Amino acid sequence: MELSGTVAFSTIGRPYYGFDVYSVELPSDKLEGATTKWVERRLTDGQNVNFNGQFVDEDRTLVYISERTGGVPRVFVSRRHCSEPEMLPAIPESFFLDRPILKNDRLYLISAHDPVEKPPRSWTAVYSVGVLGGSVKRLTPKGVVDYSPALSRSGQLVAVASYGLRQWHGMDYFDLATDVVVFPESDPERRTVIAERGGWPTWSGDSTVFFHRKTDDGWWSIFRVDLPKNLDEFDGHSEARRVTPPGVHAFTPVASHNNKWLAFSTRRPGTEFRQVEIFDLETESFIPVTSSISPEFHHYNPFFSPESGFLGYHRFRGDSSIPHLDPIQSPVDDLRLVRVNGDFPGFSPDGRFIAFNPDFDTGFERNSGLRVIRADGSKRWTILKDRMAFTAVWSPTEEGVIYTSLGMIFEPISSSVQVARVKFNLADLEDHRVEVPSEVTILTRVETGNNAFPSVSPDGKSLVFRSGRSGHKNLYIMDSVEGEFNGKIRRLTEGPWIDTMPCWSPCGEWIGFSSNRHKPEDPEVFSIYFVRPDGTGLRRIPLAGPEGSEEADRERNNHVVFNKDTTWMLFTSNMAGLSAEPIAVPQQFNPFGDIFVCKVDGTELQRLTFAGYENGTPAWDHRGVAVMGRPHPEPADGDKLEGQFEDVKWVPFPKDD
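Okay, so the sequence shown: first residue is 330 according to the working numbering, each after it adds one.
It is possible that some hints are incorrect.
[Stated by the list, open to error] Label pairs and their calculated CB-CB ranges: (1) Ser614 with Asp555: 18 to 28 Å; (2) Asp386 with Leu494: 30 to 40 Å; (3) His951 with Glu369: 16 to 26 Å; (4) Thr896 with Pro741: 33 to 43 Å.
[As the list claims (entries may be wrong)] Keeping only pairs whose Cα atoms sit at most 30 Å apart, straight-line, the calculated DSS-like set for lysine-lysine is: (5) Lys447 with Lys466; (6) Lys543 with Lys447; (7) Lys969 with Lys708; (8) Lys558 with Lys589; (9) Lys817 with Lys790; (10) Lys714 with Lys848; (11) Lys893 with Lys928; (12) Lys978 with Lys714.
Honestly, the hints are just simulated from the structure, not real lab data. Computed from a prediction, not measured in an experiment: that's the story for all the values here. Think of the CB as a built atom: it goes at the ideal place given N, C-alpha and C, for glycine as much as any other residue.
Modelling step: build the complete structure from the supplied sequences, incorporating the hints.
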């Protein structure tokens, strides 16, 4: 059976971003006292999300990334006197483009269209392409990982944040272990490391590079390196000089070419919102910009115009609603992808409905309970509210029965999380209703602690789930109606490791799950395992490399699901590493997550999603548009776009000694 059907998945916080690019005009004289004079102008048109802009000139010509074409990042240009933006035909085979720069009739950008030989590892590299045509030129050497390109004022030099040839070790996204590398645009193999431990480089002129770094005192600060006229004369021992002082976080910097200012993003103590400020290099003073315009919105990734007359950034815009389903362009023709405005989607047995949990990144009132939508996204109902829930799995044999977990996600084994059976009448899913009554039955004993991630057998009689009742997270099987009561429970796996996120295959012969039993001392690595429902036939499906290899032992593969005939499986994985510097995007639990698919024996591995966000919790149904219909872009009951997403939680405020 070939790949086909519909995959529904979630992306942490992404439906709520509503990004547009904005700018303010800068005074020609000193900036002090300009705070009350800022006049903000929106530069993009409010379609989907628009972000990571760069000015092409002082007349507000803007190049930026937009996801308006099938949810895939594409490069667009907006001109001041043109009503419609123009999409540039840059690397059409790529499903991830980022950080565009348009200079000297060439477009420079990040792309992730070239697979790596040894995962887990990022696919990102820097490319250039002529805007009037011509071949694509890869500027990053093969095998090297580059992020966040910046071009010097003349366009002759490129700076990047680079992993080089080093292997990615998986959990350094709190402080990405990249170096700042400079190379001539005309000779990209001639690379010079100008600073270790740095990211997001930016040029002032052709000889000064600024970048951000998390310092040993805990503050994110901006550093400076001055380069000789001849890059070959850089001795490698020039110490990067700290520019911004302790006590202020400063990240994603941009330098003005007039040598006067640095703009950067920050989150000050006492506020949860990310704002853009300017640091005056002469007076060493800070000038707030966005906090006086939109104090309760997050602002990201500032950029100056070439002559330093304007400062741009992107932020949430508001004034629109969120579709329940967002169609995403798929690299496989017959396999449809849809992003759900929520988490843990699950298809009903007939494919007419999708159950899910509201997004976990949007506050308790929004992220509690269980909801159901039509498979075309035209209508939504609340089935369960005012209770924290995660996972949504339909019974294949009982109409109107969904299994879920009640309690907080990501909790220790001692916390009370229970598997529940939620029953409602499908006939109550009527257009005039908003809420539908349901009956909740708890299937696990409260004193057993953390029980979660139920999956139902094809005959509907049994549930497999993860439980920490023994002191370790292992798998158990219980009755789907009575639960573990009356002795109807048995242990499936046992050991001092984590077995979790099980999925009962449609054929009934296998249960797939994630486990770190190959490396139980590390709670951050997971491989996919299969076991028969009677506990026999346990086997690992290593995907990043042969079993026992360093690559296979670094993989993190979760949320496995199967196609109808159990010949293919798809899952969330870290095998494509990070596609963007995590400090430059809103909060992601695991910013390396993308969805992959392969045969159940681990062959024919293929990447399905490409993003700088976390994609995950997939569900797979064998039907397509003919049964489910096309997603409605503007449902009448869609959530209002209110910017209800969170900034990164891992930027702390160090305590004073």
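Hint by hint, here is what the structure shows:
1. In this structure the hint that Ser614 and Asp555 lie 18 to 28 Å apart at CB holds, the actual value being about 22 Å.
2. Judged by the Cβ atoms, the range 30 to 40 Å given for Asp386 and Leu494 holds: they are separated by roughly 37 Å.
3. A C-beta distance of roughly 48 Å is found between His951 and Glu369, which places it outside the suggested range of 16 to 26 Å.
4. As the Cβ distance of Thr896 to Pro741 is approximately 37 Å, the hint placing it in 33 to 43 Å holds.
5. Of the supplied pair hints, the one linking Lys447 and Lys466 holds, its CA atoms being roughly 22 Å apart against a limit of 30 Å.
6. Taken as a hint, the Lys543 and Lys447 pair is honoured in the structure, with Cα atoms around 28 Å apart against an allowance of 30 Å.
7. Straight-line distance between C-alpha atoms of Lys969 and Lys708 comes to about 15 Å, which keeps the hinted pair within the 30 Å bound.
8. In summary, the hint linking Lys558 to Lys589 is supported, as the alpha carbons are separated by about 21 Å, within the 30 Å threshold.
9. With a CA separation close to 11 Å, the supplied pair Lys817 and Lys790 stays within the 30 Å bound.
10. For the hint pairing Lys714 with Lys848, the CA-to-CA distance comes to about 38 Å; that exceeds 30 Å, so the pair is violated.
11. This hinted pair checks out: Lys893 and Lys928 have alpha carbons roughly 13 Å apart, not beyond 30 Å.
12. Taking the CA atoms of Lys978 and Lys714, the gap is about 26 Å. The hint holds against a cut of 30 Å.
Hint violations for this structure: numbers 3 and 10, all remaining hints satisfied.
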